[in-house]
Each structure stands twice: as structure tokens, then as C-alpha cells.
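Numbered by the numbering used here, the letters in the first sequence go through residues 1 to 567 in order.
Certain hints may be false.
Unchecked claim - The list that follows gives simulated cross-link-like pairs (lysine to aspartate or glutamate, EDC-like), each with its CA atoms no further than 20 Å apart:
#1 LYS434 <-> GLU479
#2 LYS529 <-> GLU451
#3 LYS429 <-> GLU395
#4 LYS213 <-> ASP175
#5 LYS257 <-> GLU419
#6 LYS513 <-> GLU451
#7 LYS213 <-> ASP333
#8 LYS563 <-> ASP333
#9 LYS257 <-> ASP117
#10 LYS434 <-> GLU451
#11 LYS496 <-> ASP484
#12 LYS184 <-> ASP164
#13 LYS280 <-> GLU241
#14 LYS69 <-> ASP117
#15 LYS91 <-> GLU43
#16 LYS464 <-> ASP401
#17 LYS434 <-> GLU364
#18 LYS257 <-> ASP296
#19 LYS282 <-> ASP296
#20 LYS513 <-> ASP401
#21 LYS462 <-> GLU451
#22 LYS124 <-> ASP83
#23 LYS317 <-> ASP333
#24 LYS389 <-> GLU375
#25 LYS525 <-> GLU451
To be verified - Pairwise CB distance ranges (calculated):
#26 PRO367 <-> GLY514: 25 to 31 Å
#27 PRO526 <-> ASP164: 57 to 63 Å
#28 GLY514 <-> GLY456: 29 to 35 Å
#29 GLY290 <-> ALA177: 21 to 27 Å
#30 GLN147 <-> ASP260: 27 to 33 Å
#31 ASP333 <-> GLY514: 30 to 36 Å
#32 ARG28 <-> THR210: 26 to 32 Å
It is worth saying that the hints were derived from the structure and are not from the lab. Backbone N, C-alpha and C fix where the C-beta goes; we use that ideal spot for every residue, glycine too.
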Amino acid sequence: MNSEITNDKDDLKTTQNFVEAFIAEDLREGRNDGRIHTRFPPEPNGYLHIGHAKAICLDFGMAQQYGGKCNLRFDDTNPTKEDVEYVDSIKEDIQWLGFDWENREFYASDYFGKLWDFAVDLIKRGLAYVDDQSAEEISNQKGTITQPGIESPFRSRSIDENLDLFYRMNEGEFDEASRVLRAKIDMASPNMHMRDPIIYRILKTAHHRTGDKWKVYPMYDFAHGQSDYFEGITHSLCTLEFEIHRPLYDWFIDQLKTDDYRPRQIEFNRLNLTYTVMSKRKLLELVRDGIVSGWDDPRMPTLCGLRRRGYTPESIKRFVDLIGYTKVEAINDVSLLEYAVREDLNKRTPRVFGVLNPLRVVIENYPEGKTEEVELINNPEDENQGTRKVPFCRELFIEQDDFMENPPSKFFRMTPGQEVRLKGAYIVKCTGVKKNSAGEPEEVYCTYDPETRSGGPQANRKVKGTLHWVSAQHAVDAEVRLYDRLFSDEDPSGHKDIDPREFLNPESLRVLKGCKVEPSLADVKPLEKFQFQRLGYFCADYDTMQGAPVFNRTVGLKDTWSKMNKE
RNA sequence: UGCUCCGUGGUGUAAUUGGCAACACGUCUGACUCUGGAUCAGAAGAGUUCAGGUUCGAGCCCUGACGGAGCAACCA
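Generate coordinates for the entire structure from the input sequences, incorporating the hints supplied.
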């Protein structure tokens, strides 16, 4: 039949990344009964950013690809930092990306009981002990990166005493920080994480889910791997900084396992983007200090920020697909993200006319009071999007940048004596300009050729430039927010001793009021996306009101003209 | 200084059991165009951090340097 037709050959993946290779191998060898089960484990202490999207795509993607499942599990073991506000936003963002954890919404706090039992079990087996020392004493005994630690004086107290103390810790009998439970492993290990790690600490803060039921809470290392185990996770995918934790992860699993099943931790590289910061702490500071308007400020690399900026889930997934997964610490160029969103928006957004910096044009030989309806194609990339009618009359607005009285060569726009096409309407010839006292153009005059209306007898006459325009009489006023990168340095947090905010880009937001857009845009709804022809992609902001649209610029169109002029 | 991980065009990634270093973004040409967009055609750009070794043959294996990152929170 149509054997030679493979129109999607570009999408056929011929290679697999190292994570896929590991998983494929495990499956081939029948480990864990040939199951694949992953999990996405956010801590509910902040909003998700595009780096999390990379993890989400891998966690859910691997499960999808190999016919497995992916759980959503909140890693909520530290009530002092976590909150339900974050739980809700995290769920919303994952759903927005298009992933589904079905009924598998779990919390590490679901396992506090089992974790407690496991800790008690370790104590009974002589593998854990209560340490009465202060944080400082414990830290001093821990040794350094080059020197082994020394054992705690409480390391060998009796099982009964340990049990008694541990129960009393949870009954609130002791102050926070007065005692901890530690695993008894090896104070001389070259891996600091194996030097009798703390596994439970006393915290008297109420937990957002378990209230004041518990006075002791497990540490990350004592909760994460075990939660994986309880859920039957087969592949625990995380970022590179947890590589050093893997021996400890495995140690706990060894103590827990009762048969051949065991989860495997695999670490991949984190996503870094040029011209931004990605750590939750730094993002939180930007919000807290009012440098941005909130977590969903369109300049933020958060998923809610990107959403508000006009990014689509597809473009983010495509970007993640393009950058891949390795073990190399990389810094990815935002221009690739911008490429991904342009590629997507080009296919899906309708074209419209919007004039950001209006300059009035009067067509002197066009009848006063006359209005024509001009038909325009909504999207040349997708004819299903049809056409629309746009009013045209004697007075219009064009872009200030599209007029120059004394232009350089290769300026194919409005300038005295030169013909230019008003897209979808007529070819006009500039006849003059009126300037204000400062010498700036205030009003431009031209004449039109009635024969050149699109579809008309002279319509195919060659002119070098085509401009977008809006009828002055019918234009809708809009606010437009032009966003640019938040930092002017490629790697703002990559400089020792320099605060990233030294590199804040003062032009990261420019608000334009009194922009003129075509009447079809009067009643746009938030998050509706458009291509403002010749300018870029824009997305209606949440601040949009009936008849008073507000647009965020997602990304500009490629602009070879402005590039030429930079040199 | 100890341990762990990592070093392939400007950037991000590929290279099946060792077999003439591939792709994407970016850059630069040109064509086409009622978006200086899109599309199409093409070009430049690395000899794989370095030095040895094994081999008929090494980006892939071995040794040693050099460079980068992570690890000493009662954070995750």
C-alpha cells in the first residue's frame, strides 16, 4: 500500500537517552516483574517552574512510553516550610501540562505511620539510636569532607532506652532540637550521608495534613526511598544532586525489602536556562521583594508565569524534548525555548492587526466618512481558521517605526515618495508629513490607488513593503506589556560573590498604553493567543476587561530588519 | 585535600556489539512571499579537554593528567 509514505520521519526517535536505556534494560531483564512505575515527588513549598516540567515530562513520559504508571506524591515531610496553597498550584500546573496521575495522589505524610514502624524496627535491630546532642555537637563529630567522623557517645545505648526515648520524643516530652533519631551506619564513610544520618527530628509545628498528630518528622532520606518502596515504584528519577544520596537510598531499601522487588534511583541533569534564575529560593526572593508582581509574573520561569506569558503546554513539552536528558550540567539557551513557542504559536494563532506605537495616517484622496470592509486571512498556516472582515477608512494608525522621513537604504516602509502596501487593503504613496514642535512626525499623508485593493486589477503590483494598520475610527484601545528577559546576564547566578539582582534588566517590562488594535479584539478572554502581524505573539492577560484588552507579548517574531540595524 | 559524577561545533544533544563525528537551535547566503514572519535551498563551524596505551581501526576500552560540578542543613 502506501509503504513509502512516512511523513513524520522527523518525529521518529532513533536514539534513546540514558534513562530510557536503563529502563529498557531493566524491562528486558524482567526486573520487578517487568513493571514500570514512576513518581513525580514535589515538595509543596513553592510553585513549579520549567525545571520541574522537565522532570514531569520524564516521570510521566517514561511511564506512558513503557505502559506503566506515574504517581503524584507530595514530599511533605517538613511542616515548617510547606503549605496547601502550593499543593493546589502544583496540581493545576501538572494538569495544565497535560499529565494525569488518575487516582494516585499520594503524600509522604500518608506513610508517617509506616515510617514510624520502620524506624522502630531499625531501633530494635540495633540500626538506629537516639542522640541527645545538639546540632552543633553532632556536626562537629561528623568530621569533614577529608576526615572521618567520630562516633556519638549515645551510639551504643540500649535498644530499650532508644525505644523509650523515641516514643517520648513523639509525645512532645522533649524540646525541638534536643534529640534526634539517627541511623547507625558508618561514621568513617567517605560519603558524608552515610555518617549516621539523622532520620527523625522533633518538630512541633502543625502539619498541613496530619495536624498535630506527630511531634517527630522523618527527614528526606528516610522518607523518599521508603515512600517509593511502599508505592511499588520501580524507577525513582531525580536530579543529579541526589546522586550522592543513592548509597543511603539503597541502604534503607536493603533494610526494608522482603523479596526481589526494589526501586532504582536514576539521576539526570537539571534544567538551567540562560538569562534567568531557577532555584526556588531565588524565585521566592523575587516575589517577596516585589521585583516581580508574583509567582505568575510573565517574566518568571514558573509554569504559571509561562502560562500567563502565553506559552502553551505543547511548546514547553517540545522544548523539553529538544534539550534531552544527560548527566552533564548544562545551561540551555532561552532562544531554544523561544523557538519552540514560536513554532507552536505559528501554527495555531490567528493573525490580527495591532499597532503598538500609533502614528496617524490620512489618505487624502479617500472619501471622508466612507468605510470599507476588508477581508483578511486569519492564518496562512491553517486555512481552517478562515477569514475575517476588518474596517478600513480614511484615517488609520500605523506603527511609528514604519515611517521615516529620511530613511536609510533598504527601508521598505512608509517614507515620502515611496509606495507601500497596507496589508489586505490598498497600495498607498506617502506624500508628506506634519511634525510637532519637537520635530517628531505627528501625522503622515498619503494617497491611495483604488485599483490596487486586494483582489483588484492592480493588486499584484510589486511594492517592497507591507504594513499592518488599524482604522482610527474603529480602533480599540489596548494596553500592551512588552516583556524581555529578567536578567541581562546569561548566567545571573553563576558569579561568585555577585548577587544575581545586580544583573536585573531594567527593560524587562515596558508597559504601553493607548495601543490601537483591530475591533475584533475588543472582547478577548484571558489567555487567548494571537499573532500581532509583523510584531510577535501576544496573549490576553488576566487583567483584561470587557472592551479594554490587556496583552502580554509572549515572544517577538524573528526580526531581520532590526537585526540588520544593530550592526 | 577525600569521595562521587561529568568533559563531543557558539549552545543543547546523537553516534547500535570500537568502523570515515550526526541532528536541532543559533549564525551567514540565496529563493519565494500582500507578515523584513513562515516556507524552501545552501554554507560556515568540532576531529570529540590533554598525554600515553590496547587495536588493522578509539568519541566509545585502559592509565595518568587537566578542567567543571556535587557532597560536611535537625532542607528537599
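Going down the list of hints, with the structure as the test:
1. LYS434 <-> GLU479: 26 Å, violated
2. LYS529 <-> GLU451: Violated: LYS529 and GLU451 sit about 34 Å apart, past 20 Å.
3. LYS429 <-> GLU395: OK: LYS429 and GLU395 at ~14 Å, within 20 Å.
4. LYS213 <-> ASP175: 16 Å, holds
5. LYS257 <-> GLU419: With Cα atoms ~80 Å apart, LYS257 and GLU419 exceed 20 Å; violated.
6. LYS513 <-> GLU451: 36 Å, violated
7. LYS213 <-> ASP333: Judged against 20 Å, a Cα distance of about 47 Å means the pair is violated.
8. LYS563 <-> ASP333: 19 Å, holds
9. LYS257 <-> ASP117: Satisfied, since the Cα-Cα distance of roughly 14 Å is no more than 20 Å.
10. LYS434 <-> GLU451: 27 Å, violated
11. LYS496 <-> ASP484: With a Cα-Cα distance of about 25 Å, the restraint between LYS496 and ASP484 is violated, given a limit of 20 Å.
12. LYS184 <-> ASP164: 17 Å, holds
13. LYS280 <-> GLU241: 15 Å, holds
14. LYS69 <-> ASP117: 27 Å, violated
15. LYS91 <-> GLU43: Satisfied, since the Cα-Cα distance of roughly 12 Å is no more than 20 Å.
16. LYS464 <-> ASP401: 16 Å, holds
17. LYS434 <-> GLU364: 13 Å, holds
18. LYS257 <-> ASP296: 43 Å, violated
19. LYS282 <-> ASP296: 15 Å, holds
20. LYS513 <-> ASP401: 17 Å, holds
21. LYS462 <-> GLU451: 13 Å, holds
22. LYS124 <-> ASP83: 34 Å, violated
23. LYS317 <-> ASP333: 16 Å, holds
24. LYS389 <-> GLU375: 5 Å, holds
25. LYS525 <-> GLU451: 38 Å, violated
26. PRO367 <-> GLY514: 25 to 31 Å: 27 Å, holds
27. PRO526 <-> ASP164: 57 to 63 Å: About 59 Å separates the Cβ atoms of PRO526 and ASP164, which means 57 to 63 Å holds.
28. GLY514 <-> GLY456: 29 to 35 Å: The hinted range 29 to 35 Å holds for GLY514 and GLY456, with Cβ atoms some 33 Å apart.
29. GLY290 <-> ALA177: 21 to 27 Å: 33 Å, violated
30. GLN147 <-> ASP260: 27 to 33 Å: The hinted range 27 to 33 Å is violated for GLN147 and ASP260, with Cβ atoms some 39 Å apart.
31. ASP333 <-> GLY514: 30 to 36 Å: About 35 Å separates the Cβ atoms of ASP333 and GLY514, which means 30 to 36 Å holds.
32. ARG28 <-> THR210: 26 to 32 Å: At roughly 41 Å between Cβ atoms, THR210 and ARG28 fall outside 26 to 32 Å, so the hint is violated.
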